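Listed below, chain by chain, are the residues.
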Amino acid sequence: MSLHFFAGPWLAPKHLLWMWQGFLTTLWLSLLVAFFATLLGVVLASARASTVQPLRQAATLYTSLFRNTPLLVQLLFWYFGLPSLFPDGTMDWLNGDHVFHLLGPLSLRWPSFEFLSAWCGLVCYSTAYIGEEIRSGLRGVPAGQALAGAAIGMTRLQVLRHIVLPQAIRLILPSLLGQYMNIIKNTSLTMGIGLAELSYASRQVESETFLAFQAFGVATVLYIAAIALLEALGQAHLRARRVRQGRA
Amino acid sequence: MKPQTLKTALTPLFIALALASGAAHADKLDDIKKAGVLRVAAFDGNPPFGYVDATSKKIVGLDIDYANELGKKLGVKVEIVPTNPANRIPLLTSNKVDLVFANFTITEDRAKVIDFSIPYIASGQQFLAKKGLLKSADDVKKVRVGTDKGTTMETTLREKYPDTKVVLYDDTPLGLAALRNGNIQALSQDGTKLTAILATLPDKDKYEIPPFAISEEYEGVGVPKGETRLVNYLNDWLRELEKNGTAQQIYDKWFGQQSAQPLPRLFKIGDTKLSQK
Amino acid sequence: MQLAVIVDNLPYLLWGNYPEGPLGGAALTVLLSAGSAILSALLGLALGVLLAIGQGSWHRLLVVVIGFLRAIPVLMLIFWTYFLLPIAFGIDVPGVLSVMLALSLVSGAYLAHAVAAGISGISAGQWQAGLSLGLPRWQVLHHIILPQALQIMLPSFVNQWVTLVKDSSLAYIVGVGELSFVAAQVNSRLMVYPAEVFLLVGLLYFLMCSGLEQFALWVGRHFSADRRAAQRQVPQATVSLTASQA
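Protein chains in written order, with the working numbering: chain B, 1 to 248; chain P, 249 to 525; chain V, 526 to 771.
These aren't lab readings, by the way, just hints derived from the structure by calculation.
Since the model is a prediction, treat every value here as computed from it, not as a measurement.
Ideal placement from N, C-alpha and C gives every residue a C-beta, glycine not left out.
Hints should not be assumed to be uniformly reliable.
[To be verified] 35 Å max Cα-Cα, derived DSBU-like pairs, lysine-lysine:
#  : chain 1 : residue 1 : chain 2 : residue 2
1  : P       : Lys360    : B       : Lys14
2  : B       : Lys14     : P       : Lys389
3  : B       : Lys14     : P       : Lys473
4  : P       : Lys408    : B       : Lys14
5  : B       : Lys14     : P       : Lys521
6  : P       : Lys413    : P       : Lys383
7  : B       : Lys14     : P       : Lys390
8  : B       : Lys14     : P       : Lys378
9  : P       : Lys413    : B       : Lys14
10 : P       : Lys325    : B       : Lys14
[Stated by the list, open to error] Pairwise CB distance ranges, derived in the manner of DEER restraints:
#  : chain 1 : residue 1 : chain 2 : residue 2 : range
11 : V       : Gln739    : B       : Ile169    : 48 to 56 Å
12 : B       : Trp110    : V       : Leu528    : 32 to 40 Å
13 : V       : Gln758    : B       : Ala143    : 53 to 61 Å
14 : P       : Leu381    : V       : Leu679    : 57 to 65 Å
15 : P       : Pro450    : V       : Leu610    : 41 to 49 Å
16 : V       : Leu610    : B       : Leu16     : 21 to 29 Å
17 : V       : Leu728    : P       : Leu381    : 33 to 41 Å
Only chain B is shown next, with the shape it has when bound in the complex:
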């Protein structure tokens, strides 16, 4: 019985294509989430370091809320819960096929609601974590740097942009990379809200072909490949930086 599952046939090209398409969706979603979550993470970190107390409290509450609830429940809420609160007609628009024409032949298609809610949910969740990483990175920059900037007449925003952030980025980059790897892994949860990413595709292939080992095996290999690629990029960057700094 067990041998049937190990020595079974290889997957048909049709099924491998499904998984590949799922993988591309995973990568595309991860990219979009990482981009927006990083931007919003900077905003969140600045809010937490702000002198305006309500802002600081709101940011702390946001972080606490989104880090102490499971991502799965958040996604289920975005996809199934939120639409029930919308007024009638909103959902028809959100589910419609809108095409935004840009320059010439280029046009952007409005994504499916599955993709939208997956993206929303993941951005909100990842922002809370990335915001924390950026915050600890900002705190890692010696206070004297900010004071020096203020002493020569720079505004807080200029200090942040020209002095603190560039130094902080060096501290943040490794943990940021870790968070991006988490984003890739977290996309697997969006299969529960109907997004056709890699885990969804592997389940589809498994229920049609019953080759569970092959289907889950291919999906696992692809995930690990993506993570390993990020890890390799991180290592390469580290080596390049050390070379630039003249260290071995």
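With chain B fixed as given, assemble chains P and V onto it according to the hints.
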């Protein structure tokens, strides 16, 4: 322990494990009787086949009734393991359940991996949509359709409507929520299941099940592969249920005139095809 | 928003059908995460020690295995342990245990890194002092290094427990009746209150995780470096006091 000795110590263990897993095992029917408990996979969100009763919070339904009848016949306790459609076969093949009573359609592909009893209920694949949206089978091409992962509905939709957007959900209630939210415009499922679902909707006047079906589904009991004695036992038991009227009783309880979703019985155990209305 | 509906279903969400059925809901979440926390702590400790002081090809294999466990999505690992491991080895593992196994493996891999980092963080002087007293490496580890390292790492262990509470929600995919699973069941039955149900469930998780987070902070304060330093000062003070009185 030095690495070398560790390796030599563990290798025989690995070989033994690998061999043991392929070794012959005792008959499933005897196992169930000896264990005193029959583990059955059933739905927990698909009225009236398997769903959670609001007051008792227990899983009840047509499939549960069949499972309980079998438990009585075997003289064992019945343990219901809730499942979604995609987990039915994995639960069976990984020996987490003994049988599957979950509106399980008999197909050739599935029969290569597991065994089935003779069908005990039959239906056709239909759609649930807002009133007036779908008038014929062709209209399905234009709408977003949702169904469950790991069902024959998924396969049939892909064969018959290759260009239609199909979204797959983990279970029927999730697809239903998506339908009500407008994420999909039609939900495709077993006609009998859809009838029951329609009856439970608080705003049922807005929805309808157009009268066309795109396939015929014969549902049987899911059995692990190679358990011929168990399959024969089940087939004899099912035929007996039909003969002594229990099958009709169970059907009437859930689909009879007094039930919430009356449907004429077009398939009796032992039939080979759905009788025409 | 309807509150009556939520109050009706609260007991089922909190402990499932118990005692008429198996334990479920939030109670099962707590049990599942506590079990995984203990298992992963043991695993993380063992692997972390091996990672910190191991050498040779077995060590390289360990690095690869731990890397694999940190790279695979938890959902995939749950599919593997729940469906495929029983087929591969013919062992019948009940659902809760296989989810616990998957969670402990991933958690253990993360903790292994934390433990290894903690051990490396202890200054080399401690190692050298222990070895120069003639103690074998294992004893130095057991009596000198680990006690100090563990006190620093304790908050990470508790934080990992918070992560486990959240990851236990994935058991929903394989039908284990913990909080997310019963929430989906209740939602399917009620049909028209998805927002209320998921908000309530989110709140329950939030309370559990925040509680644990506060516990982690308390542990961090209780075992902090300053406190430990203060505790070390006290006996010396009493000794000098008694000495002067003698």
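Against the structure, the hints:
{"no.": "1", "hint": "P:Lys360 - B:Lys14", "in the structure": "holds (20 Å)"}
{"no.": "2", "hint": "B:Lys14 - P:Lys389", "in the structure": "holds (22 Å)"}
{"no.": "3", "hint": "B:Lys14 - P:Lys473", "in the structure": "holds (27 Å)"}
{"no.": "4", "hint": "P:Lys408 - B:Lys14", "in the structure": "holds (17 Å)"}
{"no.": "5", "hint": "B:Lys14 - P:Lys521", "in the structure": "holds (33 Å)"}
{"no.": "6", "hint": "P:Lys413 - P:Lys383", "in the structure": "holds (18 Å)"}
{"no.": "7", "hint": "B:Lys14 - P:Lys390", "in the structure": "holds (24 Å)"}
{"no.": "8", "hint": "B:Lys14 - P:Lys378", "in the structure": "holds (34 Å)"}
{"no.": "9", "hint": "P:Lys413 - B:Lys14", "in the structure": "holds (18 Å)"}
{"no.": "10", "hint": "P:Lys325 - B:Lys14", "in the structure": "violated (44 Å)"}
{"no.": "11", "hint": "V:Gln739 - B:Ile169: 48 to 56 Å", "in the structure": "violated (32 Å)"}
{"no.": "12", "hint": "B:Trp110 - V:Leu528: 32 to 40 Å", "in the structure": "holds (36 Å)"}
{"no.": "13", "hint": "V:Gln758 - B:Ala143: 53 to 61 Å", "in the structure": "violated (30 Å)"}
{"no.": "14", "hint": "P:Leu381 - V:Leu679: 57 to 65 Å", "in the structure": "holds (60 Å)"}
{"no.": "15", "hint": "P:Pro450 - V:Leu610: 41 to 49 Å", "in the structure": "holds (43 Å)"}
{"no.": "16", "hint": "V:Leu610 - B:Leu16: 21 to 29 Å", "in the structure": "holds (24 Å)"}
{"no.": "17", "hint": "V:Leu728 - P:Leu381: 33 to 41 Å", "in the structure": "holds (37 Å)"}
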